[in-house]
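Using the hints, position chains E and C against chain B.
Chains as they are written, first to last, in our numbering: chain B, 413 to 668; chain E, 725 to 1071; chain C, 4 to 259.
If you are wondering where the hints come from, they were derived from the structure by calculation, not from laboratory data. You may find that some hints are simply not true.
Below, computed lysine to any residue pairings styled on SDA-like, alpha-carbon distance capped at 25 Å [as the list claims (entries may be wrong)]: (1) C:Lys-141 x B:Pro-521; (2) C:Lys-205 x B:Pro-521; (3) C:Lys-159 x B:Leu-635; (4) E:Lys-1062 x E:Glu-1021; (5) C:Lys-141 x B:Pro-621; (6) C:Lys-205 x B:Leu-525; (7) C:Lys-100 x B:Thr-637; (8) C:Lys-167 x B:Pro-621; (9) C:Lys-167 x B:Glu-455; (10) C:Lys-159 x B:Pro-521; (11) B:Lys-562 x E:Asp-807.
As the structure is a prediction and not an experimental result, all values here were calculated from the model.
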Amino acid sequence: MPWVLTVPAALALVFLLLPLAGLLVRAPWSTMGERLAEPRVLEALRLSLVTATLATAFCLLLGVPLAWVLARGDVPGRRLVRALVTVPLVLPPVVGGVALLLVLGRNGPVGRLLYEVSGFSLPFTTAAVVVAEAFVALPFLVISVEGALKTVDPRFEEAAATLGASRLRVFTRVTLPMVAPGVVAGAVLCWARALGEFGATITFAGNFPGRTQTMPLAVYLALETDPEAAIVLSLVLLAVSVGVLAGLRGRWAGAS
Amino acid sequence: MGRRVVIESRLVVGRPAFRLDIGLDVAAGEVVALLGPNGAGKTTALRALAGLVPMTGGHIRLDGEAIHDLPAERRPIGMVFQDYLLFPHLSALDNVAFGPRCHGASRKEGRRIAREWLERVGLAEHASARPGELSGGQAQRVALARALAVRPRLLLLDEPLAALDAHTRLDVRARLRRHLDDFDGAAVLVTHDPLEAMVLADRLVVVEGGVVVQQGPPSAVARHPRTGYVARLVGLNLYRGVADGHVVRLEGITLNTADAHAGPVFVAFPPSAVALYRHRPDGTPRNLWEATIGGVERHGDSVRVLLTGPLDASADVTSAAVAELDLRPGGRVWAALKATETHAYPA
Amino acid sequence: MKPIRTASAVLALLLALTACGAGAKGGTDAKTGGKTVTVFAAASLTGVFTRLGQDFEAAHPGTRVVFNFGSSATLAQQIVQGAPADVFAAASPATMKTVTDASLAGTPVTFARNRLQIAFPKDNPAHVDALKDLADPKVKVALCAAQVPCGAAAAKALGAAGLKVTPVTYEQDVKATLTKVELGEVDAALVYRTDVLAAAGKVGGLDFPEAATAINDYPIAALSAAPSGAQAGRFVELVLSPRGRDVLAGAGFDVP
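Isolated chain B, as found in the complex:
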């Protein structure tokens, strides 16, 4: 292997792992056990896992069709749409949260309608956490799936059509299975992004233990008074996410 590649690669790895090492070094190992046993930690962790998973499911439901439209559809202004999809990537998450409040909040056009029809107000609910996380994570899914779709020869879809498959059947039985690795990769990215989401969540969903306080929020607030607790929480979040992703990789992406 040429050193021009291996040296920067090693540097990149160090760059990524050094902050983690910092956390590990400063972690209060002696009191770790009792800190982890705190019910608020488990509560925040459970909420984080549940909301990130729901947000990923939501993104799959809406994001895969959107990726298909971008990759295959004959929509006018596709380039513009594609650029707009990446907006949540560029937008500071807090701004995204404010934007969600302005539209889906009690006084927002959509939020007010929802409230008048159903009496349900989205902000400060667990559902709001899912919405905020999905908003921020959706581009990751759409971009991965669109990239995967572009690598599939559209003639496979033609072959399916000549065999009598409707467009929906072509999509579910041919296109989707062929891009499965891309969908899994996108979903993993999406889930990881949702799990770490902070700005949009605290702005749109607020912070209430057990309902909207996810791990990143708990970490942020712990930093105010108890940096050691913040380190513990960060490590828990890190360990769980790395564990889940490594497990998934072994099961799903191993073949690719």
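This is chains E and C only, laid out in the frame that chain B set:
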């Protein structure tokens, strides 16, 4: 069985730089080969029949019923693609079962039909193999089984043997011929290989530049080519001239022919009918002219000499003759052709 | 040339973005070398200190005052980690203690006090006119998280009033709490009087007697390792001067 299937169509596809406009009729049980050079529009015609390319005009009627407005998935067709396009995530069995499932068969029924077809193409033991695990010839047979499993009334084959190596091709071609013989619907085959067309098809339709230039039974087309492309394919020298009895006037030369005609005719003769001499031979009744050698190339066991002069023609001679006559580009030779070896037919 | 120009544009954008991100950490100003006073101050002091900074620059030509406004706890952490600050003005004695405990500052002086007010959207949709209204489950309330000073003060005041208030969210800082009121997503919140005054026109404010039990002291200190030396002390003097008291009082602070 015994369905009477007749395709009656006029296929018009207009594009900025190209226009396809051909009439194509296929009788029940008939195999028609669309033959033509690259870019002639044969594949476009096939895709128009399949509904994969929108037509800008014309019509397609199947048993008198218009199908040109139907999307591909609602046409009673089966198609074998050049590179097969077997779904890589499905086993051979599920690839073949895909069509029947789309047409409403249960999972069990679909697999039963698929197993039957895999047996017919001799691949029953490869049912669970993924396309990536199949050889080229096996993949081609799975693709054929997949297309036939939907019981199409129109079978479309796009260069079905092009992706195979020469050795496999012979075997697969023979098998394909048998399956086409058993098929009672209409079949349209696209190819640029004349031998493939002759072996597989009952009728050739030669397409050049988006239009039909010649059609008929393979033997007739081979014997009476009507364009330079077809003549080259079947290995004949071809000229257009005006006949007056046994004499045909071409551009710059007059030939005596065996057949007598009057008016515009084609004259064709094989390169092996041309004999070459260093000096003018005496007392021969044959057609005789002096030519310049344009090129010399190996052609199987013999050597093909390209002649220019009053008549551009190919002549096949033995390697020994090349040395003996000192045939080299730029040299002058005398060419002789017996009238009995020519073939004249109305243009 | 085009790729190079694009690359440099991207680089400039990245730099701008990281500069924004680093805003909370910046300190010294290399351009004017030495003649810079770096003040770390609680976010609630933004308006007041910006004005005093201009006064200071006018009185000391050639000297620049650079501010790092943020959460007091975060600022204290940064100072402890070696951020090159001259002056630290905190929103609570506890956060100042972090710095004095590390022997990084002299004795702090309380220069201002802040008291809580009930803030409500301008049209006061829930008709809040007393602290006890916040205990009504139909009234949506936002409080600061207990980990930040305004949250600690709110808990104290509510405790003194014998009220049990369940908010829909514990916000990460006072500005975020106020934003929820401004957007009308909550009916009431407990925030500082100075914040209500700063958002005058967008929110209404209401004093309540129990606020007296939770007065927030703002300590200020010049740091022992102040890179600007004596200038640090002079800035502290300006804050404590009659001029400083005027500006603070004008912004709604109680001045000792």
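Cross-check of the supplied hints:
1. Note on Lys-141 of chain C and Pro-521 of chain B: the hinted pairing holds, with a Cα-Cα distance of about 22 Å set against a maximum of 25 Å.
2. At roughly 19 Å between alpha-carbon atoms, Lys-205 of chain C and Pro-521 of chain B fall within 25 Å of each other, so this suggested pair holds.
3. Using a Cα cut-off of 25 Å, the hinted pair Lys-159 of chain C and Leu-635 of chain B holds, with the two alpha carbons roughly 21 Å apart.
4. For the given pair, Lys-1062 of chain E sits about 24 Å from Glu-1021 of chain E by alpha-carbon distance, which is consistent with the 25 Å threshold.
5. Restraint check: the Cα-Cα separation between Lys-141 of chain C and Pro-621 of chain B comes to about 20 Å, which is no more than 25 Å; the hinted pair holds.
6. Straight-line distance between C-alpha atoms of Lys-205 of chain C and Leu-525 of chain B comes to about 23 Å, which keeps the hinted pair within the 25 Å bound.
7. Of the pairs offered as hints, the one joining Lys-100 of chain C and Thr-637 of chain B holds, with about 12 Å between alpha carbons and a cut-off of 25 Å not exceeded.
8. A C-alpha spacing of about 16 Å is found between Lys-167 of chain C and Pro-621 of chain B, which places the hinted pair at or below 25 Å, so the restraint holds.
9. Pair hint Lys-167 of chain C plus Glu-455 of chain B holds up; C-alpha atoms about 22 Å apart against a cutoff of 25 Å.
10. The suggested pairing of Lys-159 of chain C with Pro-521 of chain B is violated, with an alpha-carbon distance near 37 Å, which exceeds 25 Å.
11. At roughly 19 Å between alpha-carbon atoms, Lys-562 of chain B and Asp-807 of chain E fall within 25 Å of each other, so this suggested pair holds.
Consistency with the previously given hints fails for number 10 only.
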